[in-house]
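Student: These are the residues of each chain, in order.
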Amino acid sequence: MSKFKINRFWSVVATILVIYGIVKWIIPAVSRNITSLPFPLTVPGTLVFIYMTLTCVALFALVTFSDEFLEEFWGPIRKMLRGEYTKAFRLVVLVVVPLIVGWQIYDITVPKVQLPSSLRIQHPSSNFPKKFEAIKNPFNEPSKERVATFIEQVKEDEIKFIPQVQKDIDTWKEEADPDHTLQFLPGEPVKKLLAELKAEKITEATAKQALHQIDLFEGRALYAMNCRPCHGDSVAGDGPMADGFKLRPINFTDNGTIETIVEGYTFWRVMNGGPGLPTEATPWDSAMPEWKKNLTDEERWKIILAEYDLAEKTPRIPESE
Amino acid sequence: MRGSLRNKATIMKFTFAAVIALSALFNSPVLAADVAAKPMPEATEEFVEKGREIYIRRCSMCHGLLGDGNGPAADYMDPRPRDFTLGTFKFRKTQSGELPTDADLFRTVSRGLQGTGMQAFDSEIIKNGLSEEKRWQVIAYIKTFAQEFGDEELDPIKTNKLVSLPSNLPPYNDELIAKGKEIFLKAKCWECHGKQGRGNGQKAFDRKDDWGFPIRIRNVTLPWKIKGGSNVEDIYMRFSTGINGTPMPSFAKALSNEDRWALANFIKSLQHQLTSHQVLKAKKVEGEVPLKPDDTAWQTAEAMDMRLAGQVVAAPRWQNPSIELVTVKAAFNNKEIAFLMEWDDPFKDAIHKMDKVFKAKDINKVGAFNSYVAANDMIPRALETYRDSVALQFPAKFKPGTKKPHFLRGNSSNPVNLWVWKADLAEKAKSGAEEATARGYQQPARAQAKDQQQVTATSEWKDGRWRVVMKRRLVTEDSNDIQFSTGKFIPMSLNAWDGSNGEHGLIMSLSTWHFVFLEAPTPMVIYVYAMLAFLITGGLGIWLMKKALAKTA
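Residue numbers (numbering that gives the first Met the number 0), protein chains in the order written: chain A, 0 to 320; chain B, 0 to 552.
These are computed hints drawn from the structure, not numbers from a lab.
Each hint can be trusted.
Within a straight-line C-alpha distance of at most 30 Å, the following computed DSSO-like cross-link-like pairs (lysine-lysine) qualify:
(1) A:Lys190 / B:Lys133
(2) A:Lys159 / B:Lys364
(3) B:Lys133 / A:Lys191
(4) B:Lys358 / B:Lys347
(5) B:Lys282 / B:Lys334
(6) B:Lys49 / A:Lys172
Make the full structure from the sequences, and use the hints.
Tutor: What follows is the structure, encoded as structure tokens:
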């Protein structure tokens, strides 16, 4: 016989061990690399049971395929039972195997202190008012009047900023002594607007684009003041407070978060926070504030504008369209 | 037949090799690039302008348009965002007082400063992060804020002011730690950081940085609060370079490389290892439940670490909490249950001045400038002003499977039962505990009637750490109290206040819901099942043995 020959009994044992190892350790390890989450996804207990049962059934079919196979499988077991590997070894096997079985039964039946799993719906819709579905962020499409006012302000160099950023812009102005306040903003839209201002022919389209840059700038400041402690400076759910909450702040750069909902939904969630959630979304675990109590509608819309922009996502299109 | 067997063996060999290779692959940590692949490109005008675009988009909200660390969000943060205009940078691999190298700035931008508002910007860590080139662009722009960077005589590379990690350093071991401890005492690190590293040294309070802002001495036992990184190598660098702009000096001249390495290993050994479970298993005791914090019965009780965050749910919001970790244990007998809470607090505050209580009216309204409490000036963060305090929170009425109250003080239909311990009360009376009911954060928690006060407490402050035990009967007649019984997951959360950090009222740190579980004795029937399984399998084995022996005969 070849030196590679492995007895059928041992190959059965080895197969069971290898498959158990794959299900128990290799799959979770691979999952980490696929999901790039900081923790492995374990195979659920019932699935482990199914895999192992299937393995045993397949091995049983293999072993009982012919009398020759069966004989080969039984060989070492029979030898052991006859005490041919020494009687002491037989005694050890006959005691240890029942002990393992007994311990397994104990382990399965004993009550364990394990957190009851609570299922939570992340984007509940049961109490989402329909009127918010088609609502639009007013800062995405500024009205003609707002653009016209803005053009006047640019001409006079008297642009009205929100008070939260005014101080920073004022100190910059004092230090930099610019020709025009808007020079603090980099990028093409503002450059183009200032060029058009010099040539005394500001177009509505250019003004609109520059105004959008200002809205984003203000939105980012409001985000940094109000939302950043939890959701992080890059909207990645990694703020300095994040580890303190069992329900981690949402990472807006993740797929399946703010891109799967309409803007109106985001607005409604920011407005009503954790307490506004229905029961199926476990409102008692959510640290999300009811921002309607502290931020104006305009402030919340500006934050949402900046949030989508920083996350490099676009909201879902409303159903009615 | 023989061929197929050979194949099988080969396949198995391959499988084994694959298993080993795979496990090696998956055990390796995910490497983030905080070391640049290429040096910083030449800072052309165009390159710097691109950096300015990134800066205005990602940095100026905190660091300000002028790079002076005075952005719109700056006043609410402690530590404040860096002021780039003076060229004073904390985390470097250059000698004390020197400018950082480009690589130093690249490292900080890439991995962020843990425990602060500065998160990682590496595009390998966050999806919307900055590529290596973009990080270099923004660094090129940041360097324009301080003229020092333009001065060749101050260039740490050209003037050879670099600090590098010595090679052939011994690995982390007990001997090294013991040596490090001696150096810790000799170099008087404890004068600020305290003997246990909790930031509780005599010189710890009221330190200031170069800008005149108050500085909290680091509690080095909490790894997530060590801004420059919690690895031994990172810690070594802090002693060797000092932290510019702060009272932390460099020990490069006072201590040898080996001594600093030993010291770094000792500091590493002080770091707390967090438990990860959400369920506190209460220990069943015979006789009386332990009422003193130093009772030996606590030593065998299971500990659960509870992480706390600043209270940011409702105004006045607070993002600079002092207490971020409370370790809890519980013990019960047939009549009573006791909880032990332990947390680091460098200063004992047992005075509470009611006239200093913060009035949130101005910031708690729609369109107020901001609903957060500023880190400095708005409240006194001083000694002898507010008391230290802790509160255990339970749902007042709890049935498994029903709605829970909100973790911030519940609401009108779902009140919470608070067991509040106050340092000033503990100082005056025997017990510092007060039972209260809250129905939402809008109204302060209401102390229960005198005859309903059933929680007692003992407490002790030692070496920068509070240890508080609160005890109550398992079951009371009061309908506003939590009732304990075995075999149930009872929701539990914490509020904590560090008085000298200005904390009082809603300016506090808090945890979300965890659970406490009182173990029921294991039913007899489970032992019977296990025994039966053992006997049946054993019997089967003996029967098979007899059969096998009979066949031979």
